[in-house]
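Chains as they are written, first to last, in the numbering used here: chain A, 40 to 339; chain B, 40 to 339.
Quick caveat, the hints were computed from the structure, so don't treat them as lab data.
Because the structure is a prediction, the values reported are computed rather than measured.
Please note that a few of the clues may not be correct.
Which copy? The list can't say, so a pair holds if one copy fits it or any two copies do.
Said to hold, decoys possible - For lysine to aspartate or glutamate, the following EDC-like pairs were computed, each having C-alpha atoms within a straight-line distance of at most 20 Å:
1. K308 / E116
2. K247 / D289
3. K123 / D102
4. K332 / E315
5. K216 / E246
6. K319 / E167
7. K179 / E204
8. K300 / D289
9. K332 / D176
10. K316 / D245
11. K318 / E204
12. K62 / D297
13. K98 / E77
14. K205 / E85
15. K216 / D245
16. K316 / E167
17. K179 / E166
18. K43 / E68
19. K194 / E214
20. K290 / D124
21. K43 / D102
22. K308 / E77
2 protein chains.
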Amino acid sequence: MKFKKICIIGCGLIGSSLARAIKKNNLGEKIVSSNRSEAVNKKVIELKIVDEADADTKKMVEDSDLIVIATPLSSYEDVILKIKDSLKTGAILTDVGSVKKNIINLIEKNISENISWIPSHPIAGTEESGPESGFADLFKNRWCILTPSKKAKQKDIDLLKIFWEKIGSRVDTMEAKQHDYILSITSHIPHLIAYNIVNTSLNIQDEKKLDIVKYSAGGLRDFTRIAASNPVMWRDIFIQNKENTSQMIDKFIINLQDLKKTIENEDGKKLQQIFEKTKKIRNDIVEAGQDVKKPDFGRK
Amino acid sequence: MKFKKICIIGCGLIGSSLARAIKKNNLGEKIVSSNRSEAVNKKVIELKIVDEADADTKKMVEDSDLIVIATPLSSYEDVILKIKDSLKTGAILTDVGSVKKNIINLIEKNISENISWIPSHPIAGTEESGPESGFADLFKNRWCILTPSKKAKQKDIDLLKIFWEKIGSRVDTMEAKQHDYILSITSHIPHLIAYNIVNTSLNIQDEKKLDIVKYSAGGLRDFTRIAASNPVMWRDIFIQNKENTSQMIDKFIINLQDLKKTIENEDGKKLQQIFEKTKKIRNDIVEAGQDVKKPDFGRK
Chain A
40 MKFKKICIIG
50 CGLIGSSLAR
60 AIKKNNLGEK
70 IVSSNRSEAV
80 NKKVIELKIV
90 DEADADTKKM
100 VEDSDLIVIA
110 TPLSSYEDVI
120 LKIKDSLKTG
130 AILTDVGSVK
140 KNIINLIEKN
150 ISENISWIPS
160 HPIAGTEESG
170 PESGFADLFK
180 NRWCILTPSK
190 KAKQKDIDLL
200 KIFWEKIGSR
210 VDTMEAKQHD
220 YILSITSHIP
230 HLIAYNIVNT
240 SLNIQDEKKL
250 DIVKYSAGGL
260 RDFTRIAASN
270 PVMWRDIFIQ
280 NKENTSQMID
290 KFIINLQDLK
300 KTIENEDGKK
310 LQQIFEKTKK
320 IRNDIVEAGQ
330 DVKKPDFGRK
Chain B
40 MKFKKICIIG
50 CGLIGSSLAR
60 AIKKNNLGEK
70 IVSSNRSEAV
80 NKKVIELKIV
90 DEADADTKKM
100 VEDSDLIVIA
110 TPLSSYEDVI
120 LKIKDSLKTG
130 AILTDVGSVK
140 KNIINLIEKN
150 ISENISWIPS
160 HPIAGTEESG
170 PESGFADLFK
180 NRWCILTPSK
190 KAKQKDIDLL
200 KIFWEKIGSR
210 VDTMEAKQHD
220 YILSITSHIP
230 HLIAYNIVNT
240 SLNIQDEKKL
250 DIVKYSAGGL
260 RDFTRIAASN
270 PVMWRDIFIQ
280 NKENTSQMID
290 KFIINLQDLK
300 KTIENEDGKK
310 LQQIFEKTKK
320 IRNDIVEAGQ
330 DVKKPDFGRK
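Just need the whole structure built from these sequences, with the hints factored in.
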């Protein structure tokens with residue numbers, strides 16, 4: 040399987056990792072990219088991860104067999120309006136965004152029948168941003184969820200599935216609505232909670248003139264890693280998935296208030312039961328290959 | 040600096056790491072340990088991390104120059120009642136517990152004037168438990184906070200400080216009350232939040248028959264590491280530090296509700312500001328040597 044021309048719109052951490060993975064696995068004859076920033080266009084050429092890069096998205100998209108939107112979600116409307124008339128008949132259009140329901144409809148209504156619009160969500164990333172932080176193995180052993188639009192052709196869905204598998208991912212297909220619900224639990228709320236705890240700590244630090252950095256190895260440091268993720272990307276994710284996010288925050292707060300009462304009542308038995316329950320899932324995650332089994336992530 | 044006899048009461052992750060660090064750095068002529076479980080006493084002899092181990096705590100403590108309580112906080116009362124009449128005149132008594140205010144008083148009122156009671160809190164650990172999971176370098180580059188009791192002799196405080204430094208720690212001294220407040224922010228609340236998010240996710244998983252393990256690499260997996268920490272130890276920490284914990288939960292919830300409103304209002308500007316603020320602290324933590332600088336903790 041090899042696409043003649045692949046165009047990646049937005050070469051940040053994910054887009055540039057994808058470009059590298061395509062080269063490494065020889066999945067495209069020509070890879071091009073379009074970025075608003077000329078510095079990024081220059082950088083991706085310099086890094087030799089694409090063959091051509093230009094701010095003129097329309098031009099880059101022309102003749103492409105596979106087009107990947109890898110910009111923040113808030114740029115999708117702008118992108119699709121720019122490229123919709125330049126999409127080649129029979130092309131596959133995909134993306135790598137973390138929320139699906141809204142953008143499926145947004146893009147569907149802007150493209151013609153003969154384009155297979157198949158959103159992808161590779162569940163992979165680090166706290167770094169930008170084309171220099173990408174790497175080819177980012178998607179290895181990670182899940183990639185496809186949420187095909189109604190008009191996507193089955194043969195193209197099958198082809199895109201093979202594409203992600205060749206890059207090392209495991210592929211699942213589901214409804215966009217289901218995707219957004221599950222991801223709000225496994226990814227969006229954890230990020231929001233991390234942002235919130237770091238923000239709360241910073242507020243107290245400023246207010247009380249404390250040094251929280253110094254003692255962060257006691258737990259907080261892990262949250263700061265997640266809370267260092269791309270601010271624009273996450274801003275867009277929460278706004279795009281706001282109904283699920285709100286609902287999950289409410290559930291989270293109800294449980295937290297219950298935990299607070301349990302602590303105030305010094306109900307050690309109940310606390311221990313909860314903590315023993317949460318301990319078990321760690322093994323499952325390691326066994327499922329979704330994390331390393333080294334204690335403390337192998338940090339020294 | 041070398042103690043003639045050191046007794047470690049409770050050889051779990053921290054106690055056994057300390058025993059290993061003492062041997063490695065040649066800080067004790069004889070190291071003994073007392074554990075309620077005969078299997079643990081057998082194991083620490085087998086692992087050659089102590090010279091002698093016995094369930095008879097009284098006997099083990101006799102003639103010790105340094106005694107370290109490394110049990111869960113809820114066992115302190117039991118331990119001190121057992122050992123108080125066997126403590127050698129002039130001995131240093133310390134511990135490694137994560138909450139200080141209550142236990143300082145508890146132990147102070149049970150010991151005689153000629154014992155220097157100097158609580159220690161090495162801010163180090165992993166999600167693992169038990170003597171087999173310990174290692175000598177656990178305390179390296181980590182902070183250890185001393186909260187000396189009123190009757191502790193200054194020469195003994197200085198000696199204990201050198202002891203922790205020889206093991207690789209950096210040492211700070213502060214009031215127990217201040218310690219418990221700071222640690223509630225940097226350690227206790229992060230752990231409670233991690234337990235709560237994993238618990239909330241498990242509840243939804245059960246209710247909706249979803250597979251959250253599969254997609255946990257999107258963020259949740261990091262929380263499961265922390266939520267796999269020793270349930271008994273953390274049960275005790277929250278109960279011992281319940282006033283600070285309650286107060287911090289309230290602050291956390293107020294901020295979370297504010298974030299929720301910001302998302303519902305689609306106030307992207309404010310969201311981005313918060314996320315950019317929280318991003319900055321990550322660099323400070325890495326620069327302070329409190330975490331590794333590898334993206335994603337260096338996981339592949």
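These are the hints, each one checked on the structure:
1. K308 / E116: between (53 Å within a copy, 19 Å between copies)
2. K247 / D289: Cα proximity of K247 and D289: across copies only (17 Å, versus 29 Å in one copy).
3. K123 / D102: within (13 Å within a copy, 83 Å between copies)
4. K332 / E315: Within one copy, since 18 Å is at most 20 Å while 31 Å is not.
5. K216 / E246: Answer is between: at 17 Å across copies they meet the 20 Å cutoff, but 41 Å inside does not.
6. K319 / E167: Result: close only across copies, 12 Å inter versus 30 Å intra.
7. K179 / E204: Within. Shortest intra-copy distance 9 Å satisfies the 20 Å Cα cut-off; inter-copy 42 Å does not.
8. K300 / D289: both (17 Å within a copy, 12 Å between copies)
9. K332 / D176: both (19 Å within a copy, 19 Å between copies)
10. K316 / D245: Answer is between; shortest inter-copy Cα gap is 12 Å, intra-copy 36 Å.
11. K318 / E204: This pair counts as neither: shortest intra-copy Cα distance 32 Å, inter-copy 33 Å.
12. K62 / D297: So K62 and D297 fail the 20 Å test inside a copy (51 Å) and across (44 Å) alike.
13. K98 / E77: Within one copy only: 15 Å inside, 74 Å across.
14. K205 / E85: neither (25 Å within a copy, 48 Å between copies)
15. K216 / D245: between (40 Å within a copy, 19 Å between copies)
16. K316 / E167: So K316 and E167 pass the 20 Å test across copies only (15 Å; inside, 32 Å).
17. K179 / E166: within (17 Å within a copy, 26 Å between copies)
18. K43 / E68: This pair counts as within: shortest intra-copy Cα distance 5 Å, inter-copy 72 Å.
19. K194 / E214: Only inside one copy: K194 and E214 sit 18 Å apart there, 68 Å across copies, limit 20 Å.
20. K290 / D124: Result: close neither inside a copy nor across copies, 44 Å intra and 51 Å inter.
21. K43 / D102: within (9 Å within a copy, 80 Å between copies)
22. K308 / E77: neither (60 Å within a copy, 25 Å between copies)
Of the numbered hints given earlier, the model fails hints 11, 12, 14, 20, 22; all others are met.
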